[in-house]
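J.: Each chain, letter by letter, is given below.
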Amino acid sequence: MSGSDAKALRLEGLRAEVVGKEILHGVDLVIRPGEVHAIMGPNGSGKTTLASAVMGKPGYKVTGGRILVDGEDVTGLPTHERARKGLFLISQYPAELPGVSFVDLAEQVLDREPAVVGSTLVAEAERIGLKPELLGRSVNVGFSGGEKKRAETMQLAIFGARYAVLDELDSGLDIDALRDVARRIAEMVRAEGIGVLAITHYSRLLQELKPDKVHVFAAGRVVRSGGPELAVELERTGYGEGGGAD
Amino acid sequence: MTEIPTIVVVKIAPIGGFEVAVSAEKVMLGFEPAQAPYAGAGEPEWVRERRESAQVQLGKVPFPRTTEEIWRYSRVEELEGKGFSLGQAAPALETVADPPADGLPGGLVAEAACLIRVRPGTSRAFIGTSSPVTFMPATQAPASPREIESGSDFFRLFAEAYSPDLYVLRIPAGADGGTIVVAYEQPDEDVSFMPQLVVEVGEAARLKLVEYLAPGADRTFVAPNAEIRAGKDAHVGHYQIQALAGGAYASAFVSHSLGERAKLDFGSFAFGGHYARLRLEAHLVGEGARAELRAAYFADGDQMLDFRTHQDHHGPGAYSNLLFKGAVGGTSHSVYSGLVTIEEGAIRSDAYQTNRNLVLSDGARADSVPNLDIRENSVRCSHASAVGPIDEELLFYLESRGIDPADAERIVVRGFFGEVLEGIDLPEVVGLVQSLVDARLGALAE
Ligand SMILES: Nc1ncnc2c1ncn2[C@@H]1O[C@H](COP(=O)(O)OP(=O)(O)OP(=O)(O)O)[C@@H](O)[C@H]1O
Ligand SMILES: [Mg+2]
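Residue numbers (the working numbering), protein chains in the order written: chain A, 1 to 246; chain B, 1001 to 1446.
Hints are computed from structural coordinates only; laboratory data are not their basis.
As the structure is a computational prediction, the values presented were derived from the model and not from experiment.
Cβ coordinates follow ideal geometry from the N, Cα and C atoms, glycine included.
Take every hint as true, because none was put in to throw you off.
If you want a taste of the chain A side facing chain B, the calculated C-beta under 7 Å gives, among others:
(1) Pro58
(2) His80
(3) Ala83
(4) Pro98
Sequences and hints are given; from them, build the entire structure.
T.: Structure representation (structure tokens):
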């Protein structure tokens, strides 16, 4: 297969606005199954806006371009249908769900018998280093930063995503937690061939995730792309002139 | 042109067998019997005194108007023009050998060590064989004096003055009464029903009381009145599930008085009625008394659910924590108005009050009015209230996991109420409340 029908998460000239102001000015990216792409860029350059627009979050209005999942245009689809096509987002600040446990959530999403859901959850929690007793508690409520990101990664692992957008998965994580979640995701890339778009400020995450490509994001577009060495260079030299929001 | 006020007396259909006369000048309602009130023949001295005292007080309390703070926003004035006859039959009790479970939600029956069906006139009681509790109509009950005077709520006084249906439930000191389910039903149209329950929980006794206001007549006025006195070191769970028919008017009154170190867990779960009000008073009289007060309510259509609470701290070192949560859909309306008072002497009091409301449609409305009145130092008090739509972030989170918007909304609302149900040690009651929430959510989806 080739062209826009090929298996990939493909962004074509994506433009999006927030409260009437255009933030994304045309973003082109192609993430194939089994690939890891990193996006680095200064604060306010539009990285979270990109992640939100891809998932169809209310308030983020796509004004031009397309989002394709394995050749299928999902730009006009509601969020839950995008998720069912295989998109998965771990937000920079994951929401807390009072009164809804991981068990409730997983039973709803997985549509399998409770016993199967339960054992799947426990197995994955242990693997990711999340205390299993947290599974009966309300999703993310009162969780530490590290527990939240482990819990989000656990969901990514069991909900059958094909393309994951990780918005600063590494923010607020200690060294052990960072290593655990990054290794688990690297494993999903290897074993299940998921495609990953990892937004980060630090090369530390990328040492574990081993990106195929690194993109520099500035003022709502990709301004430079390269291999993993670009992350190291950026960490040394910074983004330089013209990096911030416009 | 200015009109000279004249006294215009408007005759309005009776409430509880009484006629309401409106004086346009004073904008005040007075009562005149349209029907001879219940005579209370054969009642013991203490019941007669209770009636007379209520009648005297009632004479000083005008019919409620929404201009009064505690009736603000309410639909009490809608009662004008409606007529309900007053019960006339003396209460009688039939003791039955098997739980009278017919027509009740299964969960309630499963939990009950004692199951009592209270109707106007004759009631049925199943008292478990080894149960230490006694339940009887007031006509047979020995004196049951009040320790603390309740607020002068119009319908509480009215019921006390004129309702025949007065029962007494006793749990002796040191005994464990288990779970007692009292289900009230009023099947006849245009009749008022004002069941009165006096509960005495002895020192160090235990009780879980579940009151169920069953769906019954649609055109009815229901005013249940529960007065619970917990002795020193007693532990009381009290849950009231209100599932009245959609046209019913209700004004429930619940008053708890807690002795030294007595512990109360109270929950109101309200779903039914056209206009249904609960006035809840928790009087923390003894030192170190503790009360958890919770409510989950869910209105739909053009219903109004109305809550007035009073956390009344007298004893030192007492603790009360109120969490009332509601949802309103359709063009429904909810009202929460709460007061915390810390009386002199109630040092080291902790009193918390939280009311949160989800507004699920544009036409729905929730009012929330918390109040504190503190007359003592070194106390910890807080209140919080919130009214708003479902948090979009939560819906987005669930939808981004592949859950469709309708299910996402259901999950968020269930979760919202989940906090209220946490820690209630009656799984079947919790299950019933959840199913009532789900039924409401199902109705909204249609
Ligand atoms: N809800 C919003 N309302 C107003 N402006 C917004 C909103 N969301 C984003 N913006 C603006 O859009 C621009 C891009 O923000 P975005 O959050 O996408 O940046 P980012 O690259 O993720 O930054 P960071 O590295 O700090 O996370 C910023 O100028 C921001 O102020
Ligand atoms: Mg961001």
